[in-house]
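Novice: Listed here are the chains, written in short residue letters.
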Amino acid sequence: MTNTPAPSPLVLRPDFAAIAEWIKPGAKILDLGCGDGSLLRYLRDTRDVFGYGVEIDETNLLKCFRNGINVIQNDLEAGLSSFASDSFDYVILSQTLQAMRHTEGIIQEMLRVGNEGIVSFPNFGNWKNRMQVISGHMPVSETLPYRWYNTPNIHLCTLDDFEELCQQCDARILERKVMSNHYRPVNFLPNLRGMLAFYRFERRT
Amino acid sequence: MQESKSVGVVTPQYVQIDKPLQLKSGLSLESYHLVYETYGQLNAAHSNAILICHALSGNHHVAGVYAGNEKSVGWWDNMVGPGKPIDTDRFFVIGVNNLGGCHGSTGPASIDPRTGKQYGASFPVVTVEDWVEAQAQLAEHLGIEQFSAIVGGSLGGMQAMQWTLDYPEKVRHALVIAAAPKLTAQNIAFNDVARQAIMTDQEFYGGNFYAYDTLPRRGLRLARMLGHITYLSDDSMAAKFGRSLRKGELSFGFDVEFEIESYLRYQGDKFADLFDANSYLLMTKALDYFDPAAAYGGDLSAAFRAAKANFLVVSFTSDWRFSPQRSQEIVKALLDNELSVSYAEISSSHGHDSFLMEPSCYHQLVRAYMDNITI
Numbered sequence: 001m002t003n004t005p006a007p008s009p010l011v012l013r014p015d016f017a018a019i020a021e022w023i024k025p026g027a028k029i030l031d032l033g034c035g036d037g038s039l040l041r042y043l044r045d046t047r048d049v050f051g052y053g054v055e056i057d058e059t060n061l062l063k064c065f066r067n068g069i070n071v072i073q074n075d076l077e078a079g080l081s082s083f084a085s086d087s088f089d090y091v092i093l094s095q096t097l098q099a100m101r102h103t104e105g106i107i108q109e110m111l112r113v114g115n116e117g118i119v120s121f122p123n124f125g126n127w128k129n130r131m132q133v134i135s136g137h138m139p140v141s142e143t144l145p146y147r148w149y150n151t152p153n154i155h156l157c158t159l160d161d162f163e164e165l166c167q168q169c170d171a172r173i174l175e176r177k178v179m180s181n182h183y184r185p186v187n188f189l190p191n192l193r194g195m196l197a198f199y200r201f202e203r204r205t
Numbered sequence: 001m002q003e004s005k006s007v008g009v010v011t012p013q014y015v016q017i018d019k020p021l022q023l024k025s026g027l028s029l030e031s032y033h034l035v036y037e038t039y040g041q042l043n044a045a046h047s048n049a050i051l052i053c054h055a056l057s058g059n060h061h062v063a064g065v066y067a068g069n070e071k072s073v074g075w076w077d078n079m080v081g082p083g084k085p086i087d088t089d090r091f092f093v094i095g096v097n098n099l100g101g102c103h104g105s106t107g108p109a110s111i112d113p114r115t116g117k118q119y120g121a122s123f124p125v126v127t128v129e130d131w132v133e134a135q136a137q138l139a140e141h142l143g144i145e146q147f148s149a150i151v152g153g154s155l156g157g158m159q160a161m162q163w164t165l166d167y168p169e170k171v172r173h174a175l176v177i178a179a180a181p182k183l184t185a186q187n188i189a190f191n192d193v194a195r196q197a198i199m200t201d202q203e204f205y206g207g208n209f210y211a212y213d214t215l216p217r218r219g220l221r222l223a224r225m226l227g228h229i230t231y232l233s234d235d236s237m238a239a240k241f242g243r244s245l246r247k248g249e250l251s252f253g254f255d256v257e258f259e260i261e262s263y264l265r266y267q268g269d270k271f272a273d274l275f276d277a278n279s280y281l282l283m284t285k286a287l288d289y290f291d292p293a294a295a296y297g298g299d300l301s302a303a304f305r306a307a308k309a310n311f312l313v314v315s316f317t318s319d320w321r322f323s324p325q326r327s328q329e330i331v332k333a334l335l336d337n338e339l340s341v342s343y344a345e346i347s348s349s350h351g352h353d354s355f356l357m358e359p360s361c362y363h364q365l366v367r368a369y370m371d372n373i374t375i
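Taken in sequence, the protein lines are chains A and B.
Anchor point for the first sequence: position 128 equals 128 in full-length UniProt numbering, and the numbering is continuous, going up by one each time.
Anchor point for the second sequence: position 316 equals 316 in full-length UniProt numbering, and the numbering is continuous, going up by one each time.
Worth flagging that the hints you see were computed from the coordinates, not collected in a lab.
Mixed in with the good hints there might be a few duds.
Chain B regions said to be covered by chain A (calculated; three or more residues, Cβ under 8 Å) [stated by the list, open to error]: (1) 321–332; (2) 335–345; (3) 357–368.
Even for Gly, the Cβ is constructed at its ideal location relative to N, Cα and C.
Sequences and hints are given; from them, build the entire structure.
Specialist: Here it is in C-alpha cells:
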C-alpha cells in the first residue's frame, strides 16, 4: 500500500487557514467532528499543535488514521465526558454545528473543556439563501450543497442567531471572521453578504 | 493492495532463564523457561520488534503453521503475516506463552526443580505484572531494548498496558484491544464459577491430578462452556444457532437437542483435551487481579502517569464481557495524561471474540495505525 501525500490543505481549504491564524503555536487542540482529520493535520504541520480529533463515522476514522492524527471515536451528541475541564487551549467545531442536535449542549461542553472555542458554520442569512427562500425553495449553495430531504444540516443559523446563542450560553465572542463564497473577507453587511462565519469565544467569567 | 500471505511453517523456540523472578505474591521462581515464536526479521538497529501478548487460552503460536500439520494455524494468523495488518515484511513479531501456561512455558505441569515432581497445586499464582517481567527477560535475551509496539487483545491488552507502566521507555506503541482497566464484579463472578467447576471436579485432586494420572475434564469442559458463552453475543448466537434442533424435533429428554448445546459441548470437549486445568485457574486469577489503578486509590489516570507510549485502544460494540465503556475508561486516563491515543469502537455482532475476527474496518484501522509506526 502506498501513501500518497495529500495536497496542501491551505490551497484547498482557506477556511483552515482562517482557523489556523487564531491558533497559538504549540497549542493543545480538540477538533470536534474532525472528519478525515485534515484540519488537525494542517494545524499540526503549520502550528505544531498537539491534539485529538473526535469523529463518529468509521470511514472518516480510517482517513484520520491514514492522516496520522489522534482520533477518538465518539458521538458528540453524548457530550465530551472523556475530556477533563479546562484541558485544551482551543476546542474547534469546524462546519459541524449546523448538523448537531444538541447545539447548546456542545457550546457549553466546548466552554467547559477548552480555554477558547472556535466555531465555523455556513451563514444561512446570506442573501443568496434568502433569495431562494423568497422564491419558495430551501436554499442549495456552495456552502449548503444538500437538498432539504437529504441534508445533515438540521440547525442552520445566521450570524445574528449564533451571536444570540453565545449570549445565552455565557460565551464571550473574542473575534469574528466572515468570508464570501470566494473566501474573501466580508466586512460590510456580513449577515447578508457573508457565506462562512468563524467565531472565537471564551467563557464569560 | 499488497497480497497477504501466511508466515508459513514456524518452529517454536525455548529460552531458559536462570535469573530468579520475584512474583507479586511475594513468592519467587528461581528459574523458568519460556516458549516463543518469531516471525519476520529483526533489523540491524533492533528497532522493528513487536510483542504479541496472548489472552486467557492463547499461546505463543500466533501465526503460521507447524510442519506436517496444515490445520495448526496460529490464533492470530489473520492479523500477523506478510502483507497483513501487522506486517512481518516490516516487523519482527514475537509470540510468547506466558508463565503458568500449558503450551511449553514453565507452568503447573512442569517439573519443580526443588522436588523433582510436577508443580501441580504448588505452582505460584502469577499476575499480569509477573508476565511482563518474564517477557522483559525474553526481550533482553533477544537483544530488544525497545519494542515498536506491544499488542494484545483481552487479557493480552492488559499486558500491553502493564508494559507501558512498568517499562515506559521500552514501548513506543501499545495496541490495547477489547481490554479493560480491571474486571467488574460480574467478570470476576464468571471466572469464579469457572474455577469452581474445575475445583469441584473429583478428578481435580486439589490440583495434583497429574499424580493420579487423570484429568478434571468435566470441570474444565464446563468452565470453557461458560466462558465461551460470555465471549459471544446474544445476537451472534441467535444468528448462528437460533433455536435449531439437531434432529429437527423435540425429543422430550435431556440429551443434546439444540444446536447451541451441541456446539458448546463440542467446544468444551475440545478445550478439555488441550488445556491444563491448573493453567486455567491461574489465567483467570491473573485477570481478576489486574487493576493498575488500585495502587493509586482507584485513580486510573494517576496510574498512567508513568506511561509514555502512543496508544491505540479498540473496543467492539457487542462485547459485553469487556464492553466499550471499559475501553473508554482507559482512553480517559490516557487523555488525562496528554498521551497520544486513538480510539475506535468497531461495529461488530461477534461479542468479545470480535478481536480475533475481521469485523467492519477493524483490520484496516490496525493496518493504518501500524503503517504510521516508523522503524
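Novice: Any hints this thing doesn't respect? Which numbers, in order?
Specialist: none
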